[in-house]
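Colleague: Knowing the structure of chain D, use the given hints to seat chain B on it.
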Amino acid sequence: MNYGNLFKYWRTVLVVAEMSVRQQLNDGFIIFAIIFQPMIIAILGLFMLQGKGADYAMFVVVGSGLTGLWSSLLFISGNSITRERWSGTLESLVGMPTPFEVIVFGKNLANVFQSLLSMMTSYLLAAFLFGYSLSLTQPLLFFATLFLSMFAFICFGLTIAPVFVMYRSVQQWENAMEFPVYILCGFLFPIALLPDWTTPISYLLPPYWAAIALHGTSTAMLPFSQIAFAWGMMLIFSIVDLVIASQLFRIMLYKARVDATLDVD
Amino acid sequence: MNAIEVEHLQRVYRAQIGIFNRSIKEVVAVDDISFDVQQGELFGLLGPNGAGKTTTVKMLTTLLIPSLGSARVGGFDVVKQANEVRKRIGFIFGGERGLYWRISGEDNLRYFASLYGVDPEVSKKRIPYLLEMVGLKGRGNERVGGYSRGMKQRLHVARTLLHDPDILFLDEPTIGLDPVGAREFRNVILDLQAQKKTILLTTHYMFEADALSDRIAIINKGRVIALDTPGGLKKHVSDLSVVEVETFGAPDSVVEKLRALPFVDALSVEDREQKQMLLIQTERGAEAVPDVMAALEGQRVGRVIVREPTLEDAYIRLVGDSA
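In order, the protein sequence lines correspond to chains D and B. For the first sequence, the numbering used here gives the first residue as 1, with consecutive numbering after it. For the second sequence, the numbering used here gives the first residue as 1001, with consecutive numbering after it.
Next comes chain D alone, as it looks inside the complex (with noise of 0.2 Å):
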C-alpha cells in the first residue's frame, strides 16, 4: 500500500463515517443504545455513590460512557455487514474498488465516535442533576487515552463483524456479551471485587485496558508507569485485531462470493 492509497482510503474512512453518522442519527435503536441506556446506567450508579465525593462521580461518568462504548461496538458495528446485507447495499460496496475493510473501518469510527455523547450526557447528568463539579486531574492523558481507546474499540469491532457474519452461532449470544463484558472490563467497579480466576479472562479483552487508562487517567488513581502499559496492551490488541481482520475479511468475502450470500435474494 503506497501512502498516495493511504490518504485517499483516510478521507474515504471520513465520508463514510460522515454519512453513518447522518443516518444513525435518525434511527432510535441507536439513540437509545449510545444515550439513554448509559444514561440510565449513570443515575443508577450516581445514586449509588451519592455523598462519596467527586472522584467517584467521574468513575461513573466514564463507566457509563464505556457502557455506551461497547453497547455501539457490539450491536451498531458488529452487525454492520449483516444490516447492509439486509438492505441489499451489501453487493454495492463490495463491488467497489475500496477494500471493504476500509468501509467498516468508516463506519465504526462513526459508531465510536458518536457513543462518545454517552459520556458527555453522562457529564452533564452528574455535574448538573447531582450538583457534582467534576474535574480531570490529567486532562491531556485522558484526551490521548481516549483518543488510543477509540482506536482499539474501532479495531476490536472490525473482528467482531465478520465473526458475527460467517458464526451466525457466534451472534445469537450478542445480547448476553453486553453485561458480562460491563463487568469484567472493569467499567462500574473494579474487577479487584470480582473472583481471582476471572482475572485473566479481563485481560485478553481490549476494552478491559481502555477502561484501566481512561479511570486512571480521570481520577489519578493509577501512576503513570501503570497508564502506559495499558496503552502499550491497547496497541497490541489493536495491531493483533487488525491482523486477524484482514485475514477474517479475505475469507469472509471469498466465502460470501462462492456461497452467494452477500445479497438476501
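Misleading hints may appear alongside valid ones.
Quick list of simulated restraints, FRET-style, between CB atoms [as the list claims (entries may be wrong)]:
no., chain 1, residue 1, chain 2, residue 2, range
1, B, D1164, D, F29, 30 to 40 Å
2, D, V243, B, Q1081, 16 to 26 Å
3, D, Q50, B, S1148, 49 to 59 Å
4, D, F128, B, D1164, 48 to 58 Å
5, B, D1077, D, R168, 24 to 34 Å
6, B, K1235, D, L14, 52 to 62 Å
7, B, D1166, D, S169, 42 to 52 Å
8, D, F29, B, S1148, 24 to 34 Å
9, B, D1166, D, L6, 25 to 35 Å
No lab work stands behind these hints: they were computed from the structure. Just so you know, these numbers come straight off a predicted model, no measurement behind them. We put the CB at the ideal spot given by N, CA and C, even for glycine.
Modeller: Frame of chain D; chain B shown alone:
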C-alpha cells in the same frame, strides 16, 4: 480486444435441504455459456425467470465466483483481478434496494463517489451533472426514502456513472417502472450508448431489447440457445405468422386442444385482467383462423388479428424449442 469475454462459464448453487436427513441439493444456474461483447456494443441478455441472467451478471461484476470456466471484463479476469475489474465497471440490479434511504440522493452519490475513489473536486462537478442527466435536478437534496421507484432507479444510474466506467451491467433496470418512467430510462440508456459505453443489458421486455440491443443472447436453463442481432433472431420465425386471439376465461383444456393442432408451431398465453391473449405461431397465417375458431367453439372470443412475427415471437419459439 473485446470488452467482455466469457468462456465456458458455469455456476452451481448448493443448498442444504432437510432437517434430520440433511443433504446437499445442487442447482446449475449457468451451464457452460460463452459469448463476447465488443467495445461500445449494447448486448442484450434475454431469458425467462431463473434462466441464469442475473447469475451471469453477478459473476461478471465480481460478486459471485464461477464454479467453472472463466470471464474477462475490460481485459481483466473477474476472479484473479477482481479489483481491476471493479475500477472499470458500473452495475445496477433492478429494484429499489442498494441505496441509503435515510440520507439524500446527493449524499448517496457523494458516498459512493468516495468509495469509487473519485477525487472530491471531480465529484463536486460530476454529481450535479449526473443528477441533471438522470432527471433528478433539484431533487438531489431530498431523502431517498421519499423518492418514487423511478427516481430511485435513476439515482442508481447516476451512482453507477460516478467514476465514468467504460463497461456497464444493467440487470433488469426498468423492472417495476411505469411506462413513462421506463421510456425515460431507455432514453438514458440510449444516451449512454451514444457515449460509446459498452453495455450488457438484461431484460424481460422484448421490445426494449429489440429497440436497444446491437446483439442479443437468449439464455434458457443456464445455456445460450441463440445469439444474433435482433433482425437475425427474427429470421428464426420469418416463415411464421402470428394469430392473436382475444378470449375471455378460456379454460386450460381449450388452450391445450389448440396447442395440439397440427399447424400450431407454438402457443403462448398472456393474461390481461379479465381476458387472455392467445398468441399462436403458425405457417398457415390467415388460413389457420377458421380452424382456430372451430377449436374455440363455445368460448367467448374478442378480436382476432393476424400479424408478422416480432422478436418476442422468436423468443417464444426459441425458448419453447429448448424446453
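Colleague: Does each hint hold? Answer for all of them.
Modeller: Taking the hints in turn, this is what the structure says about them:
The hinted range of 30 to 40 Å is satisfied by D1164 of chain B and F29 of chain D, whose Cβ atoms lie roughly 38 Å apart. The hinted range of 16 to 26 Å is satisfied by V243 of chain D and Q1081 of chain B, whose Cβ atoms lie roughly 25 Å apart. For Q50 of chain D and S1148 of chain B, the Cβ-Cβ distance of about 56 Å falls inside the hinted range of 49 to 59 Å, so the restraint holds. Separated by about 54 Å at the C-beta atoms, F128 of chain D and D1164 of chain B satisfy the suggested range of 48 to 58 Å.
Here the CB-CB span from D1077 of chain B to R168 of chain D is close to 32 Å, well matched to the stated 24 to 34 Å. The beta-carbon spacing between K1235 of chain B and L14 of chain D, approximately 57 Å, falls within the hinted interval of 52 to 62 Å. Our hint of 42 to 52 Å for D1166 of chain B and S169 of chain D holds, since their Cβ atoms are close to 44 Å apart. The supplied range of 24 to 34 Å is met by F29 of chain D and S1148 of chain B, whose beta-carbon atoms lie about 28 Å from each other.
At about 27 Å, the CB distance of D1166 of chain B to L6 of chain D agrees with the hint of 25 to 35 Å.
Of the numbered hints listed earlier, not one is contradicted by the structure.
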